Amino acid sequence: MTAYDFLIAPFAEFAFMRRALVGTLALALGGAPVGVFLMLRRMSLTGDAMAHAILPGAAIGYLVSGLSLAAMTLGGFFAGLVVAVGAGLVARTTILKEDASLACFYLMSLALGVTIVSLNGSNVDLMRVLFGQVLALDDPTLLLIAAIATTSLAAMALIWRPLVLDSVDPAFLKSVSRAGGPVHVVFMALVVLNLVGGFHALGTLLAVGLMMLPAASARFLTLRLAPMVLLAIGLAILSGVAGLLISYHAGWPTAPAMILVAGTLYIAAMLLGPVDGLITRNIPRRHLEA
Amino acid sequence: MHAPKPGGDVIRLHDLTLGYDRHPAVHHLDGAIQLGALMAVVGPNGAGKSTLLKGIVGLLKPLSGQIELGALTPRDIAYLPQIADIDRSFPITVAEFVAMGCWRRAGLFGGVAKADRERVGAAIATLGLTGFEGRPIGTLSGGQMQRVLFARLMLQDARVILLDEPFTAIDARTTADLLAIVRRWHGERRTVIAVLHDFELVRESFPEALLLARQPVAWGATDAVLTTPNLDAARRMIERFDDHADICHRHVA
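As given, the protein sequences belong to chains A and B, one line each in that order. For the first sequence, position 76 matches number 76 in the numbering used here, and the numbering has no gaps at all. For the second sequence, position 244 matches number 1244 in the numbering used here, and the numbering has no gaps at all.
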């Protein structure tokens, strides 16, 4: 098999592969920068929690108008936002910290979602949506994912400065500006938005993978923030494309293949990364003069 | 109880009580802080010193009484907390961190102009951090980080600067360098209020002092405040946080 057969032909021959490729690129562009900030803000598990939290919204959307893209997206976005804002409010105004209040809210949301799904019988269509269908992205879904990626990138550029300040030194930001609260809300909305975009392709549960794994890998590769974000995007794209190809050639389920590639890259970065990689760190080298 | 010099008040405290969950940490404080004052706040642990700064900067709402800022807005006040809640592992360089001090000019979206970058460089040089601009803040020692925080304070260009134990766990040379910055601020007619524990340092460098033991013990010229009877009195006012404290009925004057 030539390199062309392996790398290019699947996309050249099949429209569904090209669509999957475009969708994956958009997901990587939108999600990876958000993932980097989730990681740096010690909220890596927040994405996972939010992925569960959008379940009842998507389920209600499905029940109300069937397999409608708009209804499920809106439902999921709304449910995620309620959980994120509710948890944030409780964390900022009471003794509970963000992790605890988020756990409480997302567990309630998850239980509600499972209840709604169960009461209405297990439904193959619904399950397919919950676990993604990256090889069957239609035009509206592609447009939605692309729109979400565009919105997410633009919004991240706008809130970049206050978001960095709120992550490094929240007390300082509080003393010079009231932007801290709103910026956190906008950021959480972006997390939810990217997850909602991701669940159409990868499913609610795996949508977090393309967000967090490349971000965590990039941490081992550089000490600078902007390069870290670019590297995370690059790794996410690489994982997506490699996952598509593996799925095409070996017949693996697509979304897990992408996340497994991202996971392999993470392990490689964790071991060999120039910034504190486990093996790099332990290579015996003479210490410096100063 | 009033600070001595007349005229030019910037911050007035009226029967101010600050605290947590209705328990006062600063109890019935009256007085005024003058424009350009260089004032130390001293007292035992739990005396309410940090609480007072938090009240002035607006992080804590008074339980009763008032803080009048006059013509000042909260943006004119720069504040260095005692335990800075800074994520030292965040990938940000010294220069970027110091540049946060430009917030008042640049705000959320404004650009950081060439002049701002020059001021960042100048502040870094003044604090003796030249050569550290590109270093991540996670690689700095405690004293170097305190220099970085002072550089950011310089850039904030605030009229009132509140410092909560700025020299704790800082070596003598760094303390001297930072103290020089404080004197420079005083020379520029900025108002500096610092919580301190080193009485010798206060006597040497701070003309005015407030001795606090939840209630004000003495406030005025440092030599008149830091007397043995005053310090003994402050020590006797033990730290009490009585779960069953009665409601305070002290009359509002």
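The hints are simulated quantities; they were obtained by calculation from the structure and are not laboratory data. Being a predicted model, the structure only gives us computed values, none of them experimental. In this text, a Cβ means the ideal position worked out from N, Cα and C, and glycines have one as well. Among the hints, erroneous ones may be present.
[To be verified] DSS-like mimics (lysine-lysine), calculated; alpha carbons at most 27 Å apart, straight line:
#1 A:K97 - A:K174
#2 A:K174 - B:K1061
#3 B:K1114 - A:K97
[Claimed, not checked] Some, not all, of what chain B presents toward chain A, calculated at C-beta under 8 Å:
#4 L1060
#5 P1062
#6 L1072
#7 I1086
#8 D1087
#9 A1095
#10 R1104
#11 R1105
#12 G1131
#13 F1132
[What the hints assert, rightly or not] Between beta-carbon pairs, the in silico distance windows are:
#14 B:K1061 - A:L143: 43 to 51 Å
#15 A:H249 - B:R1104: 56 to 64 Å
#16 A:T264 - B:T1139: 42 to 50 Å
#17 A:L278 - B:D1085: 43 to 51 Å
#18 B:D1157 - A:S68: 22 to 30 Å
Now for the hints, and whether the structure bears them out:
1. Distance hint between K97 of chain A and K174 of chain A is fulfilled; the C-alpha atoms sit about 18 Å from each other, no more than 27 Å.
2. Of the pairs offered as hints, the one joining K174 of chain A and K1061 of chain B holds, with about 15 Å between alpha carbons and a cut-off of 27 Å not exceeded.
3. A C-alpha spacing of about 40 Å is found between K1114 of chain B and K97 of chain A, which places the hinted pair above 27 Å, so the restraint is violated.
4. Checking L1060 of chain B against chain A: minimum C-beta separation of about 12 Å lies over 8 Å; hint violated.
5. Hint status for P1062 of chain B relative to chain A: violated, with the closest Cβ pair at about 18 Å, above 8 Å.
6. At its closest, the beta carbon of L1072 of chain B sits 14 Å from a beta carbon of chain A; the interface hint therefore is violated under the 8 Å criterion.
7. With a least beta-carbon distance of about 5 Å to chain A, the hint placing I1086 of chain B at the interface is held under the 8 Å criterion.
8. At its closest, the beta carbon of D1087 of chain B sits 5 Å from a beta carbon of chain A; the interface hint therefore holds under the 8 Å criterion.
9. This hint is violated: A1095 of chain B has a C-beta 12 Å from the nearest C-beta of chain A, more than the 8 Å allowed.
10. Below 8 Å, beta-carbon pairs count as interface contacts, and R1104 of chain B has one with chain A at about 7 Å; its hint therefore holds.
11. Taken as an interface hint, R1105 of chain B does not check out: its beta carbon lies about 11 Å from the nearest beta carbon of chain A, beyond 8 Å.
12. Annotation: G1131 of chain B was flagged as interfacial toward chain A, and the flag is violated, the nearest CB pair being 11 Å apart, outside 8 Å.
13. Proximity of F1132 of chain B to chain A is violated relative to the hint, the smallest CB-CB distance being about 13 Å (cut-off 8 Å).
14. Checked against the hint of 43 to 51 Å, the pair K1061 of chain B and L143 of chain A passes, with Cβ atoms roughly 48 Å apart.
15. The hinted range of 56 to 64 Å is satisfied by H249 of chain A and R1104 of chain B, whose Cβ atoms lie roughly 58 Å apart.
16. At about 30 Å, the CB distance of T264 of chain A to T1139 of chain B disagrees with the hint of 42 to 50 Å.
17. For the pair L278 of chain A and D1085 of chain B, the beta carbons lie near 30 Å from each other, so the given range of 43 to 51 Å is not met.
18. Distance hint for D1157 of chain B and S68 of chain A: a CB-CB separation of about 55 Å, inconsistent with the stated range 22 to 30 Å.
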